[in-house]
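Asker: Each chain, letter by letter, is given below.
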Amino acid sequence: MADKVICITSGKGGVGKSTVTANVATALAMKGYKVVAIDADIGLRNLDLVLGLENRIVYDIVHVVEGVVPPEKALVKDKRTKNLYLLPAAQTKDKSAVKPEDLVKIVEELRDKFDFIFIDSPAGIEEGFKTAVTPADTIIVVANPEMASIRDADRVVGLCEAMQKPEPKLVINRLDPKKVARGDMLDVEDVLQVLNLDLLGVVPEDKNMVSYINRGEPAVLFEESIAGKELRNIAERLLGKDVPIPRWTYSESFLDKLKKLFGSE
Amino acid sequence: MGFMDKLKGAFGKPPAKEVAKKRLQLILKYDRAGLPPNAVEAVKEAILKALEEFPFIDTSGVNIHITESENTKGKIEIEVPVKNG
Ligand SMILES: Nc1ncnc2c1ncn2[C@@H]1O[C@H](COP(=O)(O)OP(=O)(O)O)[C@@H](O)[C@H]1O
Ligand SMILES: [Mg+2]
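Line by line, the protein sequences are chains B and F.
The numbering of the first sequence is our numbering, which starts it at 1 and goes up by one.
The numbering of the second sequence is our numbering, which starts it at 1001 and goes up by one.
Don't read these hints as lab results, they were simulated from the structure.
All of these numbers come straight from a predicted model, not from anything done at the bench.
One or more hints might be untrue.
[Claimed, not checked] Below, a list of computed lysine-lysine pairs in the DSS-like style, where the Cα atoms sit at most 27 Å apart:
#1 F:K1022 with B:K178
#2 B:K130 with F:K1029
#3 B:K130 with B:K113
#4 B:K130 with B:K82
#5 F:K1013 with B:K259
For reference, chain F alone in the conformation it holds in the complex (with noise of 0.2 Å):
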């Protein structure tokens, strides 16, 4: 390892625990919800392509997140803003 890579390593990076910590708690969202890590991806991809057809939405808004819920085991939430004027 140079001396710059050590140099980075020790002031550049975040410390491994850090990204430990970070892809966990992705993870555990994920697994908690029983959803694969790319679901969410997956499914505003399609919500989008099945928008497009109509003009009063404003695409660029759409919203997809994983939340908790009291009933299933996770639950995605879709927001679906309607267009301006």
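In isolation and in its complexed conformation, chain B is listed as follows (with noise of 0.2 Å):
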């Protein structure tokens, strides 16, 4: 499979690429797939919050990196998904504790015994980014409709393409519909004529995602969160199902503006 490795990246933080890591990594085991989520963002790790596993960890990547244990007595089995496992990172190291060499060696010792291998990446263009990158197949990049994300998004693009990899995918994360039929939100059209990439997803924003995180419980297994039914989705497509993508867009009828005019918003 060629999307066997895939590298969740974006410049910016705090735009969700752990939330679209644990989610789609969790959308894809829920479907019987074997699925491992690395945490590559050393000194900040925080996948493990995300999917609810923090109090399981005993061995993180950096144990692995200096040889304490194999890459596979390191992973933390979930607690509710059958077939998902997580490598952690560790949260006292820093960045340079895991080289890009590393990496590539721990994810070859993975590959035979998983369908899917997720890195998740810090923040950043430097070398924390360049490790998560190098050993992926696939690259997604997660952008929110904003300006320096996108700035930032553009920015990572140019990198992977210098470093010679496959041109990354885009998953726009926390449109809101409402901002977007306003105008007052770049909408999908706007965001793909500026950074012109194959669109893998949009994900909306959600009110009650933070409640999710704060349980530690993957929007995903929530039939009626709207974030997670837009991250199965791109677990859809990802097997290469041509599932729609939403297309939210700018709209502002007259009433609308009438409304905003008498100030009733």
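Relying on the hints, combine the two individually framed chains into one complex.
Answerer: Here you go:
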């Protein structure tokens, strides 16, 4: 499978890399695929929190690099979803503790045992980013429909090109359909005109996301989650299924303008 | 906000998303070429100054812009027209 080792990156921090990683990995495991999610954000571990696995960690990726344990021994089994494993980041070391060749080696050792290997990249475009991207055969760039995030995403795309990696696929996260309809937020077409990448999904802003993360339960576990629905669809698209992507667009009507004018918004 | 401002806001100003898109398109053009945003203006000014001493050049027609390049990050193209007659 060409899309086996998938790195999720963004340039800018806080745009939803760990959220997308945890949810898409969970969705694929729920479908019966064997999945491992590697937290490559060394020193700022948090993929464990999104999955609710922080209390089960014994070893981390730096122990593997240092040869204390083989990769399989460091894997944390998910508590709900069968077939899902986490390789946690170290919380105390810094980014230079895992070099690109270290991660390549770990991925090679896990490759035959899994259907999908996700790598959750740190923010930034330095060493840690390069380490996370190096073993990947597919790269997903997560961006919010917002100026700084899109600018940083474009930098990342340029760096991937310089590293001779395949062109990243784009996931737009936290698109707010109301703001888009009002013309206050970039819509999907705008983002695509600026970034010109293959679109893999558009995840809407979900007011319940914070509570899912607080509980350590990925949104894809909940039928009613609007973000969860699209995150499940992203998993389907990675499997090659042709699930249409929602395209919320700007459509402010005359009535909306009047409402705005008379302050009823 | 007064009523007239609201009126302007609702019917006059382009939507924020259009402004954002235009700004981003410009920013990315410079980012991709590895140039600071004021680079083209600065280069143009320097070139115009240097060209002043050549009477056969039509400085009002000097055209300068960033384009994509195969071999380098970006390329600044400068057109320098010769005066007619
Ligand atoms: N679709 C969404 N709707 C609402 N909040 C979101 C969404 N995606 C992410 N968030 C919030 O954004 C924050 C940062 O997300 P995270 O995945 O940790 O980003 P990153 O890994 O890129 O730093 C989290 O607190 C999360 O709750
Ligand atoms: Mg993260």
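Asker: Could you check the structure against the hints above and give me the numbers of any it violates, in ascending order?
Answerer: Structure breaks hint 4 only.
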